[in-house]
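**Q** Chains as they are written, first to last, in the numbering used here: chain W, 346 to 430; chain D, 1268 to 1923; chain U, -14 to 112.
A few of these clues could be false.
[Unchecked claim] Quick list of in silico lysine-lysine cross-link-like pairs, DSS-like style, CA-CA up to 30 Å: (1) U:LYS78 with D:LYS1818; (2) D:LYS1818 with U:LYS25; (3) U:LYS(-13) with U:LYS25; (4) U:LYS78 with D:LYS1802; (5) U:LYS51 with U:LYS39; (6) D:LYS1685 with W:LYS419; (7) U:LYS(-12) with D:LYS1818; (8) U:LYS(-13) with D:LYS1685; (9) D:LYS1818 with D:LYS1330; (10) U:LYS51 with U:LYS78; (11) D:LYS1802 with U:LYS70; (12) U:LYS(-12) with U:LYS25; (13) U:LYS70 with U:LYS39; (14) U:LYS70 with D:LYS1818; (15) D:LYS1380 with W:LYS386; (16) U:LYS78 with D:LYS1330; (17) D:LYS1330 with W:LYS419.
[Unchecked claim] Some, not all, of what chain W presents toward chain D, calculated at C-beta under 8 Å: (18) THR347; (19) LEU354; (20) ALA358; (21) ALA363; (22) PRO365; (23) PHE420; (24) SER427.
No wet-lab data here; the hints were simulated from the structure. The beta-carbon is built from N, C-alpha and C at its ideal position, and this holds for glycine as well.
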Amino acid sequence: MTVPLGILLGLIAAIFIAYPFFRSRAKSVSGDEALDEELEKRIRALRKGRSEAAEDVVDKVCPSCGARCDSRDKFCSECGASLST
Amino acid sequence: MVDTGHIALILCFIAAVYTALASAWGARSGSHAFTASARNGLLVVAVLYTLAMAAMLYAFMSKDFSLRIVTEHASRDLPAVYAFSALYADKAGSVLFWGWLLSLFAAVLALQKYNSYKQITPCAISILAVILAFFLALVTIVVNVFEENPYPPVDGFGLNPLLQNVGMLIHPPLLYLGFAGFMVVFAFVMAALIVRRPGMEWIGGIRRWTLFAWCVLGIGNLVGMWWSYIELGWGGYWAWDPVENAGLMPWLLGTAFLHSVAMLRKRHYLHTWGLALIIVTFIFVLLSPFITHGGIESPLHGFYASNYPPYILGAIVVTLVGSVVLLYARHRDFGKEDKPLSPISREGAFLLTNVIFLVLVFLIITGVILPRIVEGLGGSEIALERDYFDWSCGPVMLFLVFFMGVCSTLRWRKASLKSIGWNLLYTLFPAVIIAIAVLISGIGNWYALAALVCGFPLFTIMREWLLGTRARRRATGGYYAGAFLRLIGSNRPRYGGFIVHIGIILITLGVIGSSFYGLEGMETLDIGEEMTVGKYELSYDALDMREGSSKVSAVASLSISRDGKLIDTVRPEYNYWFSWMEPFAEVAVRTTPAEDLFVSLSWTSFEPGDESATFRVLVNPLIVWMWVGGGFLLLGGLVAFWPDRKRQSGSEAGVT
Amino acid sequence: MKKRYLIGGIVLVAAVGYLIYMALSSSAIYYVTVSELLDKGSDTYDTNIRVTGKVTEGSIEWDAEKLELGFSVVEGNASLPVIYKGAMPDGFKAGADVMVEGRYHSDRIFRAESILLKCPSKYVPEE
């Protein structure tokens, strides 16, 4: 009783694990991977630009509590008051 | 059912090994098929593991004495609720349980992050699968948890009565949840390091996991303290036992890591430091089973050692060497860091906090292993008393609490001396005034210190809240209460942290009150006699004998009066357990905000006609605030943890 | 900047060292077995010691009026009489492994200030 059950469990698990190999063969033609790569490249470029932009942060003074905050912030990091107004 | 569990566990081990290899290959080669297959492998591990756990629990519930583990920890009369307690009363059982939680977490991570962190996640899955395979090897190859008895006995040995308590039902799972959570964080961070994505990215993805692990571990430690207070009958909650320290140290390190995460999110500063902290945290998480399984002798727990310590030690060494080498190999990738403009800034304060946490852990671990080192060097066997820990860690902890007030006062980058001056005037100054008042009034010198140490950070938080609420209300109008809630909602990691700080302040109060101002009295009384402890008079009214199937209970009734007025009755018990052939006291605690009255029936003869009984009575001031503080800890953790719909998409993708 | 960190580091190390030193000098206590204690004899009088051993069968005497617990701790062939003022701790019984902490006096009786029980995580039958 237990041996067949074990084989059954193992089989189900193996099929589930191996499934992506069969699926990907059909899918690789669609060019998804190329698209993914392209997207990743763009994300990287955007990130790079952002971190460069972050270098020249100008301080901004919170109108309600007087704390110094980043100009990037929308709200004061100290008191939570809105910085946009 | 038992066989199914055993087979599932073995298959689970195979699947974990496969997942580790496939995921590593997938991450390296960039093969989508391999990473997808590995992800499925991890899900299979979680499902099969759950199946094995279900089989194990079923065996405990149905009292299947053909299993060794059930025979040793359960008995026919054990309530079904304590099936869990019985499972982790066993050394291998506790590893099984811990591994199960880790498998569930790993599956959640695989599903949650699979699409958002394309390169990091496969690598993290691989690391987690290695850890899981290690755990599974411990419970299948090193020790077989499903080992069967050649001749099933009629009844088992039963579960230690001390473990039959709600506290013990939830204390170990909480610790293991926290440990497993930190393991996930570790895997994710190491993965980010391996695939050379050490920037800000992983922070957004892992902050909430860290918070969860930290919060659960903290609550777990507190529940353990509560259990020790209620159940062990000695009236204290912390003995600096190696096993207790094993749970405390990862939490302290996790706290330091959480603070450095806050720093990394706000400023590109000290990457290596943050990474090193999570590595150290992971190592101390592994150290915990090393200690509890008898790697380091502990006076109170872990009397029956298991054969795991060499394996765990091996894992610790491998982790240490591997991650240090990795960190060194990658340390140039971090790029330019923001320099703090001045040491008098929040970065500076956070860094100091971090260092102090490390010092604290260093002091504790010194106390744990120093006696072993001295012994190993051929010196005489020494033990360190609680005094060592009290007098070395106590001052450091008090300083940390006090320093919480400084941290939130300082601004990022550079704090202006003028604003510090104004802040101190509103926060430190009142705390000093109150401390002096307490000192003069003669309530107690330690209470004066408590007022200073706790008052300063408390006033700081209140001031920040007041200013913030006022600013919010000015901007948006409405009620103050609404403005306050909106304020908390606007920056929940920060204000959740404040709530946690209040919890810590309350716990500090409880510790100071109960450590320095406790009273104790012990007397043997006959029916009708009285004893006095502090302001309380206790009169012994009656003794009831109750016979149950597993124990005989002697229940004493005492009426408590204060200033001649009857205020309450308490009923401490003294239980004689048949299966253990020994008595255990069940204490009665009368809790008020000012102090606990702790009454323990520590001896009675159980002989008919002799109703004299020995009572041990403690007055523990302020102790209830420790448990209230625990509530704040949980609340603050939840506030910071709760998913933020507006910002989540952004921060999860690492754009914040 | 470097110098400042260096000074900070030195101050920190000094402070930690001082804390450990202070705490150690006040609380290190010696850990001996029953036979070692009996061998050393008068050297160990009036110093703070921890002794481990098993509670001897039939040696437990509890004086409820004086709140005194008397028993003897045995290790191998050596046996040590112990007197402890206070309640019997939970799980205290003959054959239990205990660690007593206190002072050994010239009257050859160990006056314990605390009794620690090794709390068993499982029940192991006598073999």
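**Q** Going through the numbered hints above, which ones does this structure break? Give me the numbers in ascending order.
**A** Numbers 2, 3, 4, 7, 12 and 17, in rising order.
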